[in-house]
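Q: Spelled out, the chains give:
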Amino acid sequence: MILSDPGPFSQIIGYPLGKRPGKPRDNGLTMVIDKGLGYEQLGDILEVASPYMDVVKFGFGTSCLYPRHILRQKLSLARVYSVQTCPGGTLGEIALTQGVYDKYVERCAKLGFTAIEVSDGTIELDADTRLYAIETAKRAFKLVISEVGKKLDHTADVRTYAQQVVADLGAGADYVVVEGRESGENVGIYGDDGQVDTSIIDDFIHLLPPEVRGKIIWEAPKKVQQVELIKRFGQTVNLGNIPPADVLALECLRLGLRADTFALKIHADDK
Amino acid sequence: MILSDPGPFSQIIGYPLGKRPGKPRDNGLTMVIDKGLGYEQLGDILEVASPYMDVVKFGFGTSCLYPRHILRQKLSLARVYSVQTCPGGTLGEIALTQGVYDKYVERCAKLGFTAIEVSDGTIELDADTRLYAIETAKRAFKLVISEVGKKLDHTADVRTYAQQVVADLGAGADYVVVEGRESGENVGIYGDDGQVDTSIIDDFIHLLPPEVRGKIIWEAPKKVQQVELIKRFGQTVNLGNIPPADVLALECLRLGLRADTFALKIHADDK
Amino acid sequence: MILSDPGPFSQIIGYPLGKRPGKPRDNGLTMVIDKGLGYEQLGDILEVASPYMDVVKFGFGTSCLYPRHILRQKLSLARVYSVQTCPGGTLGEIALTQGVYDKYVERCAKLGFTAIEVSDGTIELDADTRLYAIETAKRAFKLVISEVGKKLDHTADVRTYAQQVVADLGAGADYVVVEGRESGENVGIYGDDGQVDTSIIDDFIHLLPPEVRGKIIWEAPKKVQQVELIKRFGQTVNLGNIPPADVLALECLRLGLRADTFALKIHADDK
Numbered sequence: 001m002i003l004s005d006p007g008p009f010s011q012i013i014g015y016p017l018g019k020r021p022g023k024p025r026d027n028g029l030t031m032v033i034d035k036g037l038g039y040e041q042l043g044d045i046l047e048v049a050s051p052y053m054d055v056v057k058f059g060f061g062t063s064c065l066y067p068r069h070i071l072r073q074k075l076s077l078a079r080v081y082s083v084q085t086c087p088g089g090t091l092g093e094i095a096l097t098q099g100v101y102d103k104y105v106e107r108c109a110k111l112g113f114t115a116i117e118v119s120d121g122t123i124e125l126d127a128d129t130r131l132y133a134i135e136t137a138k139r140a141f142k143l144v145i146s147e148v149g150k151k152l153d154h155t156a157d158v159r160t161y162a163q164q165v166v167a168d169l170g171a172g173a174d175y176v177v178v179e180g181r182e183s184g185e186n187v188g189i190y191g192d193d194g195q196v197d198t199s200i201i202d203d204f205i206h207l208l209p210p211e212v213r214g215k216i217i218w219e220a221p222k223k224v225q226q227v228e229l230i231k232r233f234g235q236t237v238n239l240g241n242i243p244p245a246d247v248l249a250l251e252c253l254r255l256g257l258r259a260d261t262f263a264l265k266i267h268a269d270d271k
Numbered sequence: 001m002i003l004s005d006p007g008p009f010s011q012i013i014g015y016p017l018g019k020r021p022g023k024p025r026d027n028g029l030t031m032v033i034d035k036g037l038g039y040e041q042l043g044d045i046l047e048v049a050s051p052y053m054d055v056v057k058f059g060f061g062t063s064c065l066y067p068r069h070i071l072r073q074k075l076s077l078a079r080v081y082s083v084q085t086c087p088g089g090t091l092g093e094i095a096l097t098q099g100v101y102d103k104y105v106e107r108c109a110k111l112g113f114t115a116i117e118v119s120d121g122t123i124e125l126d127a128d129t130r131l132y133a134i135e136t137a138k139r140a141f142k143l144v145i146s147e148v149g150k151k152l153d154h155t156a157d158v159r160t161y162a163q164q165v166v167a168d169l170g171a172g173a174d175y176v177v178v179e180g181r182e183s184g185e186n187v188g189i190y191g192d193d194g195q196v197d198t199s200i201i202d203d204f205i206h207l208l209p210p211e212v213r214g215k216i217i218w219e220a221p222k223k224v225q226q227v228e229l230i231k232r233f234g235q236t237v238n239l240g241n242i243p244p245a246d247v248l249a250l251e252c253l254r255l256g257l258r259a260d261t262f263a264l265k266i267h268a269d270d271k
Numbered sequence: 001m002i003l004s005d006p007g008p009f010s011q012i013i014g015y016p017l018g019k020r021p022g023k024p025r026d027n028g029l030t031m032v033i034d035k036g037l038g039y040e041q042l043g044d045i046l047e048v049a050s051p052y053m054d055v056v057k058f059g060f061g062t063s064c065l066y067p068r069h070i071l072r073q074k075l076s077l078a079r080v081y082s083v084q085t086c087p088g089g090t091l092g093e094i095a096l097t098q099g100v101y102d103k104y105v106e107r108c109a110k111l112g113f114t115a116i117e118v119s120d121g122t123i124e125l126d127a128d129t130r131l132y133a134i135e136t137a138k139r140a141f142k143l144v145i146s147e148v149g150k151k152l153d154h155t156a157d158v159r160t161y162a163q164q165v166v167a168d169l170g171a172g173a174d175y176v177v178v179e180g181r182e183s184g185e186n187v188g189i190y191g192d193d194g195q196v197d198t199s200i201i202d203d204f205i206h207l208l209p210p211e212v213r214g215k216i217i218w219e220a221p222k223k224v225q226q227v228e229l230i231k232r233f234g235q236t237v238n239l240g241n242i243p244p245a246d247v248l249a250l251e252c253l254r255l256g257l258r259a260d261t262f263a264l265k266i267h268a269d270d271k
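Residue numbers (full-length UniProt numbering), protein chains in the order written: chain A, 1 to 271; chain B, 1 to 271; chain C, 1 to 271.
Some clues are possibly wrong.
What the hints assert, rightly or not - Derived DEER-like restraints, expressed as beta-carbon distance ranges:
{"hint": "1", "chain 1": "B", "residue 1": "Ile70", "chain 2": "A", "residue 2": "Glu47", "range": "20 to 28 angstroms"}
{"hint": "2", "chain 1": "A", "residue 1": "Gln163", "chain 2": "C", "residue 2": "Arg159", "range": "54 to 62 angstroms"}
{"hint": "3", "chain 1": "B", "residue 1": "Lys271", "chain 2": "C", "residue 2": "Lys231", "range": "50 to 58 angstroms"}
{"hint": "4", "chain 1": "C", "residue 1": "Arg79", "chain 2": "B", "residue 2": "Asp269", "range": "57 to 65 angstroms"}
{"hint": "5", "chain 1": "A", "residue 1": "Glu185", "chain 2": "B", "residue 2": "Arg79", "range": "32 to 40 angstroms"}
{"hint": "6", "chain 1": "C", "residue 1": "Glu135", "chain 2": "B", "residue 2": "Ala109", "range": "56 to 64 angstroms"}
{"hint": "7", "chain 1": "A", "residue 1": "Arg72", "chain 2": "B", "residue 2": "Ser82", "range": "17 to 25 angstroms"}
{"hint": "8", "chain 1": "B", "residue 1": "Asp203", "chain 2": "C", "residue 2": "Gln11", "range": "40 to 48 angstroms"}
{"hint": "9", "chain 1": "A", "residue 1": "Arg72", "chain 2": "B", "residue 2": "Ile70", "range": "26 to 34 angstroms"}
{"hint": "10", "chain 1": "C", "residue 1": "Asp102", "chain 2": "A", "residue 2": "Asp192", "range": "45 to 53 angstroms"}
Unchecked claim - Here are some chain C residues the structure puts well away from chain A; computed CB gaps all over 12 angstroms:
{"hint": "11", "residue": "Asp34"}
{"hint": "12", "residue": "Ala268"}
{"hint": "13", "residue": "Lys271"}
None of these hints come from the bench; they were simulated from the model. Beta carbons: idealized from backbone N, C-alpha and C, even for Gly.
Construct all of the structure, not just a fragment, from the sequences and the given hints.
A: Structural data, given as structure tokens:
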């Protein structure tokens, strides 16, 4: 809708790293984390940034804490702006632990969520339960996103994670998130200071079949991480756990409209 | 009001660390710091998060900088949602320094604040002046919160602070805040990186009479601090200087609806 | 407008570091960075904080990403509150690279921006192009702000930057920003942790003619930087890249209404 707006600087400024297709799109997804936005605040952000938001995740178990009518209103609002919505993966893990996963998925659908995340950030998920969770979610939702990587570091067997990605996609997941937590620090592919461990990323990506690589969503809440991943994989990289206030700034990075990635164009032209 | 809403996942998902009582409550207080929210923004946050907000502190001297009618409107709005309000302790310190403390307390009451914080974050406060400040505040306000701890580190005499807590409560304070500043870094019980110094906390808490321990409010602006304090003292710990955008995320921590504290339940069940 | 409001604590509390003149003012400017605020959010902030906001910069190339009517509305709103507006310097650099700078400046004026920033954060700008950019901007806009300092560190020739400042002002720039990026880390005068390198600042300032020093705007997104610069240059220091949510907190620092700078008054009185 808004992408058909010619834009304030149309026919004058070209985007240094090139245009991007509008929604719905298969790659270059931006998945936003909502830690508790009010209804008006969400509406205000959607009005300016919805063309650059593909999914909004209602982080952790925050979905439980809203008055029911406000949660419904937020979900409706996102739908109006063609933004997908899912509850945090932790909520699904709690439902699994309490033996109420079927009811949980059904309630999510009734409330108006349009996607489900299947994760094992806290609990251990054996292969059968993981398959059950993905298949159950997939029967009710068109979009299912699984998550890997809570221990994806130098001590981990990267091969195991790569196999998990392939298995999840085979079971019905549409995308697989590589965990970065909401903090983006000291977890998986990120060090204490949020720096990207590029050697793990390289090992991991090369173990994936090429046709699967575009199905990865990297949780990258910090700018340094977004820049590194765009440098590595281009503007079509899928990024998650983006703070709502950073959506336009991230889109600038994807398009080369910010110093860190405009520089990529300048250096490429210099060669 | 909103707590009577059955909640979007009621009768399906149980909170891993258990339910919490509604407001007004004596423990498990969440004290939010408002660094300058607009009227609409405050209203938007209250609509979704007021059941989890006990006090809003208008940080520093920001209370001086609003147009008077807007400050009044913000205070009225908080009252509608049963959230207590107080100006920053620094403003009281300035009033003490300028010899206008009585007038200051009176003006706070007229504007519509419902609580006062008595602190010594910048000035030295001798015992008599401290007593005068608490007693003066208590005559005009039902809720008075004092603050200790600006030098609460390894070089400090923890015993002095523990005695101060008991004295403040005796003078009329209802709660005593342990300072963490708005940054939560390199102050009192927190290191440069915001990590909690658990040995100081332990020493401090054990010096307090048991019936007094629940009257402490720990300033804990960062997630790592909130997690550590909830692990140590449970969901009923009182926490302060919480950024408005983090209220729902903190409530998830208290209830076990977020990985960091859901893990406490999982590990307890494993034993 | 709002400054004529007597203020909630008028005739009771005096500002420890003294009053400030209202807008428009020549010094003590606060330049805010907008990374993508919604229309309502901007209005809400302006309502409470516009007396303390001199310029709002629409960061990076975000100006390209708004629906045109919303960008116009945001710019109109700022004008109503007497706040100047400019696009990010990077957008001007892109226009220069693409050979469309004249059209860019013209479009900015038509959209309703009231100022232009001329920077070389990404591209190399030879003296002639820099002069052309400043002069072109100055023909269309009353307020032109240039930027120096992307390499202003121990390896840089501080003298070169000081000369650049004088040259820019001679060419028509009204102020010169010393770059700190939106992060305020590991750039120019700031270390990895955002600490201010005071020796570079001293060297730089002393190389400037005294009448020019007040024309510097220091990008200082972090509190530690704001405090250090206010300590060094007083409440009239010009500061940029201030997050919108921090405007009132910064004003408290300028006025001595926050512990960090109230302490300056206390210590001065002690001597």
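Q: Each hint should be assessed against the structure and marked as holding or not.
A: Against the structure, the hints:
For Ile70 (chain B) paired with Glu47 (chain A), a C-beta distance near 24 angstroms keeps the hint of 20 to 28 angstroms intact. Hint check: Gln163 (chain A) to Arg159 (chain C), Cβ distance near 59 angstroms, so the stated range 54 to 62 angstroms holds. Range check, Lys271 (chain B) to Lys231 (chain C): about 53 angstroms between beta-carbon atoms, so the 50 to 58 angstroms window is met. Between Arg79 (chain C) and Asp269 (chain B), the C-beta spacing of about 60 angstroms keeps the proposed range 57 to 65 angstroms intact.
Checking the proposed 32 to 40 angstroms range against Glu185 (chain A) and Arg79 (chain B) shows it holds: the Cβ atoms sit about 38 angstroms from each other. Against the hinted window of 56 to 64 angstroms, the Cβ-Cβ separation of Glu135 (chain C) and Ala109 (chain B) comes to about 58 angstroms, which satisfies the hint. Range check, Arg72 (chain A) to Ser82 (chain B): Cβ separation about 24 angstroms, and the 17 to 25 angstroms hint holds. Distance hint check for Asp203 (chain B) and Gln11 (chain C): the Cβ-Cβ separation is about 45 angstroms, which falls inside the suggested range of 40 to 48 angstroms.
A C-beta distance of roughly 31 angstroms is found between Arg72 (chain A) and Ile70 (chain B), which places it inside the suggested range of 26 to 34 angstroms. Between Asp102 (chain C) and Asp192 (chain A), the C-beta spacing of about 48 angstroms keeps the proposed range 45 to 53 angstroms intact. A cut-off of 12 angstroms between C-beta atoms contradicts the statement that Asp34 (chain C) is not in contact with chain A; the least separation is 9 angstroms. Every CB of chain A lies more than 12 angstroms from the CB of Ala268 (chain C), the least distance being 38 angstroms, so the non-interface label holds.
With a cut of 12 angstroms on Cβ distances, Lys271 (chain C) stays outside the contact zone with chain A, its closest approach being about 40 angstroms.
Of the numbered hints stated above, the single one contradicted by the structure is hint 11.
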